[in-house]
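Taken in sequence, the protein lines are chains D and F. The first sequence runs 1 to 470 under this note's numbering. The second sequence runs 471 to 1295 under this note's numbering.
Quick caveat, the hints were computed from the structure, so don't treat them as lab data. Bear in mind that the values here come from a model prediction, so they are computed numbers and not experimental data. Fair warning: there could be bad hints in the mix.
Stated by the list, open to error - Ranges between beta-carbon positions, derived for each pair:
no., chain 1, residue 1, chain 2, residue 2, range
1, D, Thr249, F, Gly585, 55 to 61 Å
2, D, Tyr216, F, Met649, 23 to 29 Å
3, F, His609, D, Lys20, 50 to 56 Å
4, D, Leu314, F, Gly486, 26 to 32 Å
5, D, Pro311, F, Glu605, 24 to 30 Å
6, F, Thr532, D, Asp391, 29 to 35 Å
7, F, Ala1161, D, Asp391, 55 to 61 Å
8, D, Tyr216, F, Ile614, 31 to 37 Å
9, D, Pro311, F, His609, 41 to 47 Å
Just so you know, even glycine gets a beta-carbon here, dropped at the ideal spot from N, CA and C.
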Amino acid sequence: MPTHAYVPHAPGYVDNDGPKIITKRFPLEDSYTLERSEATGGYAGLRAALDRTPAEVHTEVRDATLLGRGGAGFPAGIKWGFLPPGKFPYYLVVNGDESEPGTYKDRLLMERDPHQVIEGCLITCYALGLAQCFLYVRGEMALAQERIARALNDAYAAGYVGRNILGTDFSVDITLSWGAGAYIVGEETALIESLEGNRGMPRLKPPFFPAAIGLYGQPTIVNNIETMSNLPWLMTNGAEQYKTYGSETSPGTRLFAVSGHVRRPGVYEVEQGVTTFRELFYGDNFCQGIREGHELKMFIPGGGSAPWFFPEQLDFPLEARPVGAGGSMLGSGAIVVMDETTDAVKAALRLVRFYARESCGKCTPCREGTTWEERILQRIVDGEGRPSDIDLLLDVADNISPGPYPVAAHPDAGLDAIPFPPRQTTICPLGPSSVAPITSTIRRFRHEYEAKITRRNSIAVSAGSVEVAS
Amino acid sequence: MTNTEAKTTLSVTIDGEVFEARPGELLIEACERAGTYIPRFCYHSRMKPVGMCRMCLVEVDTGRGPALQPACMLPCSDGMTVSTETPGTRKVQAGILEYLLINHPLDCPVCDKGGECPLQDQTVAYGPGESRFVEEKRHYEKPIPINDNVFLDRERCILCDRCTRFADTVAGDKLIHFMDRGNNTQVNTFPDEPFASYFSGNTVQICPVGALTARPYRFKARPWDLDETVSTAWTDSAGARVAVQSSRDKVIRLLGIDSDPVNWGWLSDKERFAFEALNSDDRLTAPLTRVGDHLVPTGWSTALERAVSLLSDADPDRVAVIGGARLTNESQYAWAKLAKGVIGTDNVDSQLADGLDPELVLGLPRATIDEACTPGGTIILCGPDPKEEIGSLYLRLRHAVVHDDARLIELTPTATGLSPVAAHSLHPRPGEVADLARALVEAANGGPAVSAAGVSAEEISSAAVAIDGSVTIIIGRASLAESADCVTDAALQLAALPGSRFLSALRRGNIHGALDSGLAPGLLPGRTTIEAGAARFADAWPSTPASRGLDTAGILAAAADGRIDVLVLLGSDPINDFAGRPLAAAALETVPNVIALDMLVNDSIAMAADVVLAASGATESAGTFTNLEGRISVCRQRVTPPGTARADWMIASEIARRLGFDLGFDSVESIRAEIAAVSVVHSGLDEKALAEALVDGLLIGGSGDIMVPGVVGVSPSAHDAYSLRLVASRSMYDDGVALRNSPSSRGLARSVTLRLNPTDFDKIGVDRGTVVRTESAVGRLLVPVEPDPGVPVGSAVLPWAAPGSPANTLIDPFSTVTDVRVERA
Ligand SMILES: Cc1cc2nc3c(=O)[nH]c(=O)nc-3n(C[C@H](O)[C@H](O)[C@H](O)COP(=O)(O)O)c2cc1C
Ligand code: SF4
Ligand code: SF4
Ligand code: FES
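Just need the whole structure built from these sequences, with the hints factored in.
Here is the structure:
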């Protein structure tokens, strides 16, 4: 089997030379079956956990500094520690709603190694002393749903899930839920609402985070699929071993889903903090460069909600802290690469439209502001822009995200980076996410906006129109 | 910050001034108390905040630098610093308003809300001068009806979640909801399911824009043309406080007033739209006298002359008065004085066999609504469905159960509107609620749980365990097909629960004022009896009755027997309201002379009245109202009565004068002064105290001279296997004369069905909708049947006063229970 190549039965996954913590079974064709999982060490992590006390398991995870992979990058071990003692029952909710533009790694984890996900859930439940887990899978992911469901049935039958797991007095039920097609339900409190049977709209936090008041009013831990998938390996090999990969603040590996104008887009398991964007885009065992005859114009380093980066940021390591200080985030690990053929204004419009359509409508600035942004951008792209529109766009965005918005440095223009995160007048970060493409592109490519607007004016004048844009 | 637990106040700096906030107080409230108004749309003080509109964002610093925070979601903390007027805050406020306006139609000139619109007002105060939005606005079909009375204009809606939150969390009728997402988010009903809520009018009142409008007020007036008066709702006994608004001497809108001990600003639609009946074209504008089969208008002196001659010719013992709950306290007192003091009859009853023994209501220790709703307390419902009968009380009780951890135990013949939130719903067989109460109390007091009244020992024992904390028992008539004695006995059993108090759920308007005014056999005004209280009336009244008279059932039986010569219907309609239609009909056919005081011609008047004296309505005369707690609040005159209609007390005074006695009243104040003088319990009722208690009313406490009656010892006859035991319970909308005259409510009475447990269907051999002959010892009805698992096996439920099929046709007022044979017609 060649190293670093696409794996035909795992579409989009590139088997690279690096260490493998969570994709080790991907190359195996029947990796999703219980038989293959067991034959390759499946559920060994669960057994290792059950041999220890819950507190020891929790400590191991805390020591590993396992950062959440859902977007915010919060250390899982610390989040688990927020459960208020004695307020039983607790719930675990596992977030498989993956819908961030550009992101498609959780889907692969569910399709290729559902037992690893289930095992991770069980380890978490054991560590936290809880008996009920909800696994929420995005509505559109039919294959992932099928594989997770089958794996769960098999795991129940084999005694890994249910009453008295592996003969111990540890019992857990895992309940599957499918989403109904809304990006916002990936936000943890909206997901909880959805699980409760309500319309998927975020709750305001503070005052209450899910760990204090979550599902059905009970303390609830919400973690991402990839976060869960790390736990079996971590239990089998220990935090010490885990920390030998990656950097000090971001240990271990991460899945990056690269799309756009690279030669070999795909999902890569990459050591955090060690590899740089440049290596990822140009490295031979990774994306192998920008497509033939073209050069990098810009890239989104961490999912549609992240402010954009440019060639100057290529040498940033794939590590949460420096990227945050550099004005963006690693977010969900989705990287969108755009070459010089990309129209910055149109690209911004594309993303802004996504947020406008996916806004849940709960709070005013996002419900009204994102659509307004979209309509102004659409006008500019259609040649109907007015010179005042750029300032208008920035001000409309400022009412969603007041003050300086995170953005990458622009050394040629003498502009520094503004670090992540943005401020918000909204309830959740969805609204402010719509601002990222706008401020990123206006700061860098204002001339592209102006060109579209001036062209419009010149057309209007040359047609002898009396209509003067103002 | 440090030791906030120990402190009773928190220091918050609001725009540079230090203010002492209460622990747990929301910043928006603290700022308001400090005199700083923070603009808002979604926040409503009587609902959980949702932080959706973002209008209340202010800069808050809790030690980590200033950040924008929604003041409606943020509890105050010690040392918090708030800036409500910084450029940052101002910019956000203008920004939010601009957002709200970009898709708002700005059709203020044709919008009912114009002039009282928070969106208008806050735009003027905080908004941008002009819009930068050049695109086409969002469009929806203009107002769509979401129920029979309420219209929704989605273009005007700012999606504040007030209406939807009210429907869900306050009313418990989750029938309106957000649909679609993002910019297309809209409020709507579910397909083919109207917003069928008894409380829908509240959404119109709290909508911060003109998106929700209600039929009775639509396009009727502009807010600046309205005159407004604080008053009290009159259609049930909650005594909800209202603002009565009129334009050109006509009442056109009622709004709920936030009275903390009573209705929190909410009203049932029945209360809210009841004024329509007062505006009815059929209102009596002059007295009527009977000429052959017809009642024809006449002048006051002719009518009064005729009434007085009937009364002066009659032996006082052969005169009877039925009704009085519609009247103000002052009119009730005047009528008590006229009937008992001047005419000299004690055959006076304001209840129509649909109430309770007055001595039970007045004698038991009483609870206020607040006491009943004590957080963590126990509420035992041994009475009617509050959702159907006393809407404002239902909302308070529901809140206590859902949001304040009170536990509700129902001892009701069928499921109620509160059953979905009740901890325990025990449904005794009709007539046997006292047995259930005894079993429950024994189990609660540590005895063994035994099954009773068809309820299992397990159910009783688990309900008994739930009885804890303050205990309030709500008593009233869950079914008018069983006698009031059943409730008396049950209440006396429940009184053995330690610390228990009682809240009356008698529902008829000012019925508690009527009982306090002595409009019941054996009673005198001020919670006293003709024996115990006579001396106090020696100066003010010419005489007091020597012996106890008849109650309504007794009066009607005597009338049917030819022993009553003059019957006065004081705003009552025995044919429809008395629990026993055959007897009421026989009485009205037999009694030679009937004098009625009313606003509209009801069925009893049409059938039997000789003289009808036109009375003024609740918004047309001044006075006070006593609610089910014994709370006295003012009713003020807002408009002039139609034609020559006049207040009931004036009519009493006039009749007394023509009978040769001066009641001594020239104003409601003069009547109140006499009440305060003769009644021990009303001694604190003075004009100053009343004025100071304008919003919350004055609570009249104590039992006066009334003693709790003894156990009746009801024992219903054995139940034969071929019959079902009838439950007749009221619903919010029925065929009452007031509702018939309210265009908004007229169509809302549910079509009548006899509801049976599905298991009884096979026994009788019927399907849903089969028309059955329902026959009791005294009457029969043809009605379709409907399955209802909330009805216990062996019971049959019929709505009271349903159009065309009056349940009282089947009822014998002297029997303990009503058994019916149900067969295919
Ligand atoms: C708009 C929005 C969308 C999100 N979508 C996802 C998602 O699809 N999957 C996910 O795991 N987390 C998503 N998140 C992050 C979750 O709220 C939450 O932080 C995460 O599931 C926690 O898991 P972790 O701690 O393991 O990362 C989203 C957050 C926001 C604000
Ligand atoms: S920011 Fe947008 S998605 Fe988030 S709660 Fe507000 S409207 Fe909903
Ligand atoms: S209809 Fe009125 S109350 Fe309801 S959400 Fe819209 S603006 Fe708010
Ligand atoms: S009033 Fe606070 S967010 Fe609406």
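Output the indices of the hints that this structure fails to meet, ascending. Violated: hints 4 and 5.
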